[in-house]
Amino acid sequence: MAFSRRQFLKLAGGSAAGAAVLAACRPAVREFIAQSPVLLPEDLVTGVDNWYATLCQQCSSGCGIQVRVIEGRAKKVEGNPLHPINAGKLCVRGQAGVQALYHPDRIRRPMRKTGGRDSLKFVEISWDEALDEVVGRLSQIKADGAAANAIVMTEPLGGHLGALVSRFASAYGAGHVAYEPIDQAVLKAAIRGVFGQDSLPFFDIANSRYLLSFGADFLGGWISQVQHSRGYGEFRQGDGPRGSFTHVDSRFSMTAANADRWVPIRPGWEGKLALSIAYVIIREDLGDAGAADDLTGGRGLDALAAFRPDRVAGDGRSGVTAERIEELALEFAAPDHQPALAIGGGTAGAHTNGVFNLSAIYALNHLVGNVGKPGGVIFNPAAPDLRGSLFTNDAPFGPAKADAFPDVRAAVDRMRSGQVSVLLVHNANPVHGLPAALNAREAVRQVPYIVSLSSFLDDTSLLADLVLPSSVPMEDWADGVAEPGPGHQAVGFQQPVVRPFQETRGFGDILLTLAQELGMEAALPWETFRDVLTDGAQRLQGLNRGNVTGASFGAYWNDLLRQGGWWDSRSRSTASTRASAISLQGGDADLSGSQGDYPFNLVPFESIGIGDGRGAHLPWLQATPDPMTTATWATWVEVNQKIAKEMDLREGDVVTIESPAGSIEAAVYPNMATPPWVLGIPMGQGHKAFGRYAEGRGSNPLAVVDPDKTDRETGALAWAATRVRMVPTGRRIRIPKMEGTVLPIDFGFASGNRVIKIASKDE
Amino acid sequence: MAKQDNGRAKWSMVVDSDRCTGCQACVVACQAENNIPLNEEDIFKQRRAMSWIRIERYWEVPFEYTQHPKKPEDAPFDQVKARFLPILCQHCENAPCEPVCPVFATYHNDEGLNVQVYNRCIGTRFCANNDPYNVRFFNYWEPGWPETLRNQLNPDVTVRSRGVMEKCTFCVQRIRRTERTARKEGREVADGEHAPACVQACPTDALVFGDINNPDSRVSKLSKDARSYRLLEDQGTEPNIHYLMKVDPFLTEENGHE
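Just so you know, the sequences run in chain order V and D. When the letters of the first sequence are read in order and numbered with my numbering, they come out as residues 1 to 763. When the letters of the second sequence are read in order and numbered with my numbering, they come out as residues 1 to 258.
Since the hints were derived computationally from the structure, they do not count as laboratory data. Predicted model, so just to flag it, every value in this text is computed and none were measured. All residues carry an ideal CB built from backbone N, CA and C; glycine is no exception. Careful: at least some of the hints might be erroneous.
What the hints assert, rightly or not - Output of the computed footprint for chain V on chain D, the stretches with three or more beta carbons under 8 Å from beta carbons of chain V:
| id | segment |
| --- | --- |
| 1 | 14-22 |
| 2 | 44-57 |
| 3 | 74-86 |
| 4 | 206-220 |
| 5 | 246-252 |
Looking at chain D on its own, in the form it has when it is part of the complex (with noise of 0.2 Å):
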């Protein structure tokens, strides 16, 4: 986990619960950016619907319906809360799904990116077994659209074939497409002129996307609050998503988990 520092962007994002609504937006936002095949109801049945962002809903209730004998079902209705919480592929520069592979189909690219090669996938699927945070989706069906809908694929996205596992790139694409205005405009690429799709919907503002190698940059400075942690930081994963606590005022000490 060698900190990069090859002159490139760090891509990394910040995702604040205390904001997020769970309202979808950025989960049909990567659906349409990123030709994600339609879940159909079978498909959900099977529990093998894709979706490279989803949103967890955690329930919680107090701490004393957490210690035996109780249950947390019994938890009266009216002190439940439900948490939500944005997971996608954490890009994490100490990848457990990396190493794994036996083609090298996934590895990291020199701008923090774990990138999955399509065409060098086999299927193994020791990736998602790797994988901590279940953001590796297997396309266990060839992906089929009706002949219209086939309209609106977006021509910068490869649509994966049976058999190959999938997963967020990012928005690799929207990146590029930055990269290439600005060069052709002769300038830099501006602080939040990136956004993947999720990003660009989010309409509580609760997903930032930046460079995190620049000092100046919004996820930079949002890394570095008080509220920022990782998902399972103690895996070792290094991950490039940093996420902001949930607030919540009516906390107990009991229930606390800073």
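Isolated chain V (complex conformation) (with noise of 0.2 Å):
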């Protein structure tokens, strides 16, 4: 199209009185003039831009974000400073969120596959469609009688969105399912076997004076790791004397670097060292004497003489000797050194003994009488109470829950068995994240019909028949209680900062649809999953207490948001602190495989970045060095350096690591601090789908882990129970890592001059 003279002054006319128009409502107009060559060139001038308050999902912590949005778009993502939990910090996964967003790979609309089972072929159909025949097919079913053969399969979910799923599924008549790789089905047993808890407790390091941890990666990727990180900066360089650390775990990792003194253990030995701890403790009379009886049954030392320190240390069984765990224990319950604190779990808790281990350490705090005290263990009130349409008695307002690995693998069984009708799978992956023994992919192909809600095509929503794609939390309406809590009650409100992207709808919108369709409207009455929320907001503001204020409903609402969610520091809990007896038996970890054909012991580990595999999507945080070897986007093998160059391994030579369960391939990295009988190896690649960035890459550690070993008490997967051996390829790669892009900066001064300075002491 052509365009005259006199055409083009009228559009240009018309545009400038439109932008005179607009101009009214925006910022003074001298902010856009005001710049001064005398600051080029940053002198760059700002667009407007709103900062809105949302719940980080990129991890269960339960983080508050504040995400900074310009003309529609998300840019940015910080920490929610007036959220209890994170203060305003946040971690690498949580600032990736926002990739997860504008991710190339997203589903973009719904698609049906076309071919088989295995085909990777999908055609995009409308939401209509979709959902006609998701109906159809879901009615057919429940007509036939077999909806009691459905699954529904996510992610854990807490909150009003848990509580929606799991009333879809009761109404259709499924079963739930709630899965993720690493789950605390172990902490959580040790926690109410000695606190009588049964939400995690707050850990309060910024006040305690000398910390004791085992296995508990809780400054990487264990259970809350900002929460954790602020009360360790605090507790180092904080208003009171610098607290000391020491770190006890089989692999030197990024915590136990930071540790004042690193402890080796071998694996599964971590129980019975704090029982020796506590021994030497009741034997010095250092502790609180009631609670050694509380502890011991009334029995006192006898009752541990099992773990007296000589006897735990043995021959170097445990990798800890008897001088060692006599210098734990008094420092422990040295008197200057109170408040002290014990936390455990990670790997510690990944063994056949994992309750046992974690009951032991956790009962050290009974010991010196921290339980509810600054600096100590304090207890997180149950979340606030809500009962109502969705909540009741029986499952009532709180975090997410994971189920227990049986309950998973009893699940997996079934559809191996043609025993499962329908799939419906919302962001979980069973397929990337079981054991390999456990055949996940081939239980799931044998589904008949299979339904996926995830917002990426990972490895099970691959084999999906039909993909209804969810949105993003950015994208959607959520809340949350975040566990651990941060020692009182909170739940933070997740808003859409910005409209959907790609046509995605919200997975509660999409199970509110299908009960209407599939005429459940009097178990789920919502039109919307906005109004389950501003329905819990009402009862919430009914509460008449916590920090949002407003005389009506829409201000209350209003500020909810506006403020990212609800606390009441007052509501504290008043739960008593009387310890009881522990169990002293069972204290035996039970390995997988022979010493002889598996000299070593796997000790996988959550990724700061790509954490268990959830984030492998995301090209931020699969470029975030690892911070003890600084690699990136692959999967490595920390060896011992000198085993490495006994077996005659440089870095980057590609082995094959073989259980008795399945072998993975693993680039070695020559590590001077890794135990000579440990092989760690970093969780969260090997994805076989999930977008550009993760397809294809590397291996993930937990499909060697033999499933058969479990907890005895929980069942939960023993995922550090296993060991391996490492057999060369003969093939090499260059392992991509940070170190060595740039020269490390400490090129060789005299030693007044070094980069790294350390002092001795607090100055």
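Assembling the complex is the task here: the two chains are given apart, and the hints tell you how they should meet.
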């Protein structure tokens, strides 16, 4: 189309008038002309930005975030300064949430698979067509009486969304499985046993003076990284004297590197070490005598005789000497180290004696009497009571819950034997996360009809017949109770910060639509998931306490979203703190594979970036250097440097890691601080699908874990209880890593000018 | 290195290495804020990854293993320590990278910032050569993002093209944003109100940013701490970043490097 000069002037005039009208609702004009050539080149004029408070869903910590939005596009994620869990701070995974929103391989609209189960071809269809199909199939299945054989599998979901999924599943008659690769069943069982608490407590690291941790990579990915890191900074250089920190771990993790002292231990011995420490504390009469009686059932030192330091030290079986045990006990109970705090988790609980280990570790807190006190273990109250339409006495409002490994395994076995009529899957990826020996892929393949409601085509969703893509958290509503909470009641609220970037719908909304179409309105009477949340918010308002204000509900709702949630710092737990007897039996760890055939202990660990694999699709997380090796984008195996030399292995040599349950490949990274008997491998890679950044990259150490080694009490997968051997393949790769990208700047000056300077004490 | 006394702020940072855990939150926060090109696998393999702030990991062995004939690799695994140190542009008062630029693409502004003018840069890389801290990065490639990911790019920050040097700016766009907000609200900028992306994110509060000309600011006070030192101070670069020493209660006298 050609313009005449007159037409052009008309158009130009028209748009100028439009601009003048628009300018009225923008900031003062002088802001736009503010510029100074003196300040070049950094005198950029910023546009108008909006910050929306919402909830981070990149892991289960429940941090509050605020997202910077310019012209309808999310730009940057920062911590919400008002939120009690993270107080404005954020980790790498939270930062990368925005990349999930704009990921190039997000599912754009509903798709139907063409070809058979293993076909990779999908055709895009409309929402109406997709919903018609799934409603038709689900009605048919229900009419055939096969609804009880349906499974709804999701990632663990809490708050209203979690309750909505359960309600949907039970109204349809289906089973609901909440799956995550590394669940906290063992930790929760130990906390219940030692403290009588159903929710995980808040560890007041900031006010502690002595920290003794076992296996828990709490500065890395363990349960609530930002919350713990905030406390750690204060613990080291806050107002009080500098806290001392000893870390017991089978691998030299990032948390071990930050400790004043790392105590290497043979895998599975953590509980016995803790009881040996308890033995010394009781023998020296340093701890709370009443607690000692309670813990040993009144039998005192005799009850712990089997854990005398020389017995636990043995002939080096535990890797810890008797002198070291005595020293740790005296330090832990020393009056000038109080309040002292003991925490345990991660690999310490990932054994067949997991609950035994963690119970023994947490019992140490009773001995030094820190329970319920600043600097100690502070119980979290139950979430606010929102009983009513969605929540009942049996299923109260609360944090996300994962199903136990035996239940997940049973569900997979039912799929394998053809007993499952339909699988609805949302952001759960058992095909990637379960041990390869279970062959979850083959099991899922047997399900006659699979519907994926995920945002990405991951390993599991790739098998789906129909895909109804759900929105990512930044486009959707939700709420959540953090676990562990901050020591008082807190509920984070998640609001959409941008409109859906693709033709996706909220997971809750999709379920409500299905419920209406399937005639389940009685159980799920809401129009949209936002209505469910406003119901909940009204109940919160009815509590008449907390940070949110507003005379009308509209004002209350706005303030709730503005602040990013509801919390009441006075609502603390009043639970009693008396110790109860702990189990002193079943302390032996049972490892898979014989020492002769499989000389190394496999120690899988969560990557700082991609975690257990749920962050593997995001390029920033793939490119985040591992703190210890600086490696990125790959699967490497940390091998003790001397062992590597003995086996003639250099950095980048590809080896096969073989266990009794399977084998994977990884590239060798010789490491000075890895115990000679350990092979440390990061979790998270090994995806067959999940977008261009994750696909076909590396391998997952959970694949070689023996699924038959489980915690004796809870049945949780003992993911650190597998022995492996290492076989060179003769191939070699260049490990993508940060190290060596630039020269280290410490280039040989006299020691007085070192880059790293260390002081012997706090000055 | 005349002390700046022009009535303007002088931006400085304090890095407390005793708080730093090496968690990399600062690294990704910087990439998100400053439109750093995606560091894809091949880029790491070429050792050309860009990271305006990075965490260096140093291995430390007992002193005796640094003395001939013993070798550091001989140290027992349980006596090896790892230290983390965030390294970013030190914004030196007397920056070695500045005078060598033939086109004045890098210069020192009157707020203590070492500034890179991208459209003056002709890519000689002399500055990177002369930079003792290795914090300048060269765009070997035209930066590329998949079309959808471009939606995340920060409109306040230029996307640098191939052939240009880039480096930490102390998030000058965030400084300007806070100043503008304060001016609009008719008040002074408060201490701690400015935070570069790395400082804002840091979960342990290891990074502190502020005006060192203001004697009451946190950076000002912390920079006078007994643990304070600056990197490669003997080079005379007068860095604007103050590090606070890591504390190790088990430090032996031989291993001491105070």
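Structure versus earlier hints, numbers of those that do not hold, lowest first: 4
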